[in-house]
Amino acid sequence: MIRRLVGQANARTLWALAALLAALIAAPAFANDYVLTVLVLALYYAYTGQAWNLMLGFAGLLSIGQAMFVGLGAYAAAGLFVQFGVPPIAGVFLSIVVACIAGAIVGYLAFRFAIGGVYFALLTIAFSEFTRILIDNWAYLGGSRGLFLKVSDLRHWDLINLRGPPQMFYYILLVLTVAVFLFCRYILNSKIGYYWQAIREDEEAAQAIGIDTFRYKIYAVVISSGISGIAGTIYAFYYNNLFPETVFAISGSVDMLLGTVVGGVGTLFGPIFGALILTPLGEALTAATASVGIPGIKQFFWGLVVAAIVLVQPAGLWPLVYRGLRLGGRRMRPPPVLRGGNAVGQPAVGREEEGV
Amino acid sequence: MAPFLAVQGISKNFRGLRAVSDVSFEMPKGAIYALIGPNGAGKTTTFNMIAGAFSPDAGRIVLDGDDLTGRRPDLICHAGVGRTFQVVKPFRGLTVEDNVAVGALRWTGDIEEARAYAIETLALLGLDDKRALTPEHVTLPDRKRLEVARALATRPKLLLLDEVMAGLRPTETDRMVATFKEINAKTGLTILLIEHVMRAVMALSQHVIVLNHGEKIAAGTPQEVVRDPAVVECYLGEAAL
Numbered sequence: 001m002i003r004r005l006v007g008q009a010n011a012r013t014l015w016a017l018a019a020l021l022a023a024l025i026a027a028p029a030f031a032n033d034y035v036l037t038v039l040v041l042a043l044y045y046a047y048t049g050q051a052w053n054l055m056l057g058f059a060g061l062l063s064i065g066q067a068m069f070v071g072l073g074a075y076a077a078a079g080l081f082v083q084f085g086v087p088p089i090a091g092v093f094l095s096i097v098v099a100c101i102a103g104a105i106v107g108y109l110a111f112r113f114a115i116g117g118v119y120f121a122l123l124t125i126a127f128s129e130f131t132r133i134l135i136d137n138w139a140y141l142g143g144s145r146g147l148f149l150k151v152s153d154l155r156h157w158d159l160i161n162l163r164g165p166p167q168m169f170y171y172i173l174l175v176l177t178v179a180v181f182l183f184c185r186y187i188l189n190s191k192i193g194y195y196w197q198a199i200r201e202d203e204e205a206a207q208a209i210g211i212d213t214f215r216y217k218i219y220a221v222v223i224s225s226g227i228s229g230i231a232g233t234i235y236a237f238y239y240n241n242l243f244p245e246t247v248f249a250i251s252g253s254v255d256m257l258l259g260t261v262v263g264g265v266g267t268l269f270g271p272i273f274g275a276l277i278l279t280p281l282g283e284a285l286t287a288a289t290a291s292v293g294i295p296g297i298k299q300f301f302w303g304l305v306v307a308a309i310v311l312v313q314p315a316g317l318w319p320l321v322y323r324g325l326r327l328g329g330r331r332m333r334p335p336p337v338l339r340g341g342n343a344v345g346q347p348a349v350g351r352e353e354e355g356v
Numbered sequence: 001m002a003p004f005l006a007v008q009g010i011s012k013n014f015r016g017l018r019a020v021s022d023v024s025f026e027m028p029k030g031a032i033y034a035l036i037g038p039n040g041a042g043k044t045t046t047f048n049m050i051a052g053a054f055s056p057d058a059g060r061i062v063l064d065g066d067d068l069t070g071r072r073p074d075l076i077c078h079a080g081v082g083r084t085f086q087v088v089k090p091f092r093g094l095t096v097e098d099n100v101a102v103g104a105l106r107w108t109g110d111i112e113e114a115r116a117y118a119i120e121t122l123a124l125l126g127l128d129d130k131r132a133l134t135p136e137h138v139t140l141p142d143r144k145r146l147e148v149a150r151a152l153a154t155r156p157k158l159l160l161l162d163e164v165m166a167g168l169r170p171t172e173t174d175r176m177v178a179t180f181k182e183i184n185a186k187t188g189l190t191i192l193l194i195e196h197v198m199r200a201v202m203a204l205s206q207h208v209i210v211l212n213h214g215e216k217i218a219a220g221t222p223q224e225v226v227r228d229p230a231v232v233e234c235y236l237g238e239a240a241l
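Quick note, the sequences are listed as chains E and A, same order.
Each residue of the first sequence is one higher than the one before, counting from 1 in our numbering.
Each residue of the second sequence is one higher than the one before, counting from 1 in our numbering.
Chain E with its partners taken away, still in its complex shape (with noise of 0.2 Å):
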């Protein structure tokens, strides 16, 4: 396994991981509280870009329900904690298991009824505008007047019960983005990987050869959306409160998505170069612009941001790096959904192949 991981990397791609992530271990010691929290923000979408990343650039499915996950997670192990003191190191694992359980009831309606391409992404919002409004009339968990965790001693780290300062937080994203990257790793250099991108580029002929496509697919949401619920674990345990208004908004689904369509669908380091360049300018254009404070800039800015890269560099800007560093390693390419495939997700009619 070992081998597989590090296999195609040459020593300088490893020499550049080295030093990225030494300097992200180093960072907290050099930041100030603002800036802390920018890197929480930043490791937490690369975290979670990494699990949508999964399901579009991998499996080639477009998802943009991805806040129903992550929020599913977040108050499985928050309810678990409110009402019967259940430590978050444990319900997290009620976490994975209900976005899991969503995940495979969202991919079988879908994939049962061969429903895909922006059908799909339509289908996962709607689910997650479902959940909202389930959790909001739900008042065990608060419903719409919010879920709240006892703040006490923030100095301390706790990793049991997640109660500590930002640091801790930073530290355990660190972890988790990091797992996630080596986890995607492996999955893509593996059978189901590969199965993953014969789905992606072409359903049919992925069938032909033996692939069970439904069953796959189901994997790949499942998957994506248990890595999404651990996300939502973290989520609730830093911010304290959940409304279901905010987990579940859209918006958090578009934002989870942004840091990877700017760094790269389907490339491995794309989600963690997009997020850690565009939470950061975000931030900053939302401080440069806060004393003449023109609402709505980030998103603007953001706005502006994906139609350029759309529009220019379909692929992300990972890989125009990644060749201007000469970096070894796997090439990959952006999901037809990203390369002109027609909407519902069919590959671009064979164009010279057609007749003889």
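I should point out that these hints are in silico values taken from the structure, not numbers from a laboratory.
Among the hints, a few may not be true.
Residues of chain E placed beyond 10 Å of chain A at every Cβ, according to the derived structure [as the list claims (entries may be wrong)]:
hint, residue
1, A19
2, G116
3, I277
4, P314
Between beta-carbon pairs, the in silico distance windows are [to be verified]:
hint, chain 1, residue 1, chain 2, residue 2, range
5, E, L122, A, G109, 53 to 59 Å
6, E, V310, A, G16, 40 to 46 Å
7, E, V118, A, R15, 40 to 46 Å
8, A, P28, E, Q313, 55 to 61 Å
9, E, V310, A, L133, 51 to 57 Å
10, A, I119, E, I89, 18 to 24 Å
11, A, W107, E, W138, 44 to 50 Å
12, A, W107, E, V97, 47 to 53 Å
13, A, Q223, E, V310, 43 to 49 Å
14, E, V175, A, G109, 27 to 33 Å
Ideal Cβ placement from N, Cα and C applies to all residues, glycine included.
Starting from the known structure of chain E, fit chain A onto it as the hints suggest.
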């Protein structure tokens, strides 16, 4: 002895249009048969029914004692049917080698083993020097070969080839024919091909089935079939004689 492949009275309608109507034929193990006929005769629809892309409205398809009728395409592949697509369907984001390796993953979970088998299969089809390229960087004839290599990598018992020689030059056709003959002789692979290139049909197949308007109008050795007046009239034209 029961036939290896038995196609029994299969039919398919598309919104009232009779694409295939009561077609039956049988193939012994290790044979090479061809399915010919004019455009729209129902050849590819017949293939799609055998491979499971469409389920037949009537009739049965039995491979090696295994009833395949109406089964899912991936399960039919596991039952031993490999197919190519007339309009090639390579996995465009993957290299030529990985395209074929995915096929080999049907029977192995080991990526290294699948890669090694892919390299062997590519060598067999003369694609070994294109391994690292993506499909859009190879020529159409090479993409047709890739289509064959990917299907072969699943280790089928029956290989369905849908116009893999279309667009090839005569020398390339001869090379492809030689390759199929070699595979057939070495492994005993049963091959059913749809082909318009009569040069390949004559050289490769032991038996030819002719479809027209969804019906089987003739069957026999290539020599018999090209002399059949009905076949000449609907498909080959007088010049073929």
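Against the structure, the hints come out as follows:
no.: 1; hint: A19; in the structure: holds, 29 Å
no.: 2; hint: G116; in the structure: holds, 16 Å
no.: 3; hint: I277; in the structure: holds, 24 Å
no.: 4; hint: P314; in the structure: holds, 13 Å
no.: 5; hint: L122(E) / G109(A): 53 to 59 Å; in the structure: violated, 35 Å
no.: 6; hint: V310(E) / G16(A): 40 to 46 Å; in the structure: holds, 43 Å
no.: 7; hint: V118(E) / R15(A): 40 to 46 Å; in the structure: violated, 27 Å
no.: 8; hint: P28(A) / Q313(E): 55 to 61 Å; in the structure: holds, 57 Å
no.: 9; hint: V310(E) / L133(A): 51 to 57 Å; in the structure: violated, 27 Å
no.: 10; hint: I119(A) / I89(E): 18 to 24 Å; in the structure: violated, 47 Å
no.: 11; hint: W107(A) / W138(E): 44 to 50 Å; in the structure: holds, 49 Å
no.: 12; hint: W107(A) / V97(E): 47 to 53 Å; in the structure: violated, 33 Å
no.: 13; hint: Q223(A) / V310(E): 43 to 49 Å; in the structure: violated, 60 Å
no.: 14; hint: V175(E) / G109(A): 27 to 33 Å; in the structure: holds, 29 Å
Hint compliance for this structure: hints 5, 7, 9, 10, 12 and 13 are broken, all remaining hints hold.
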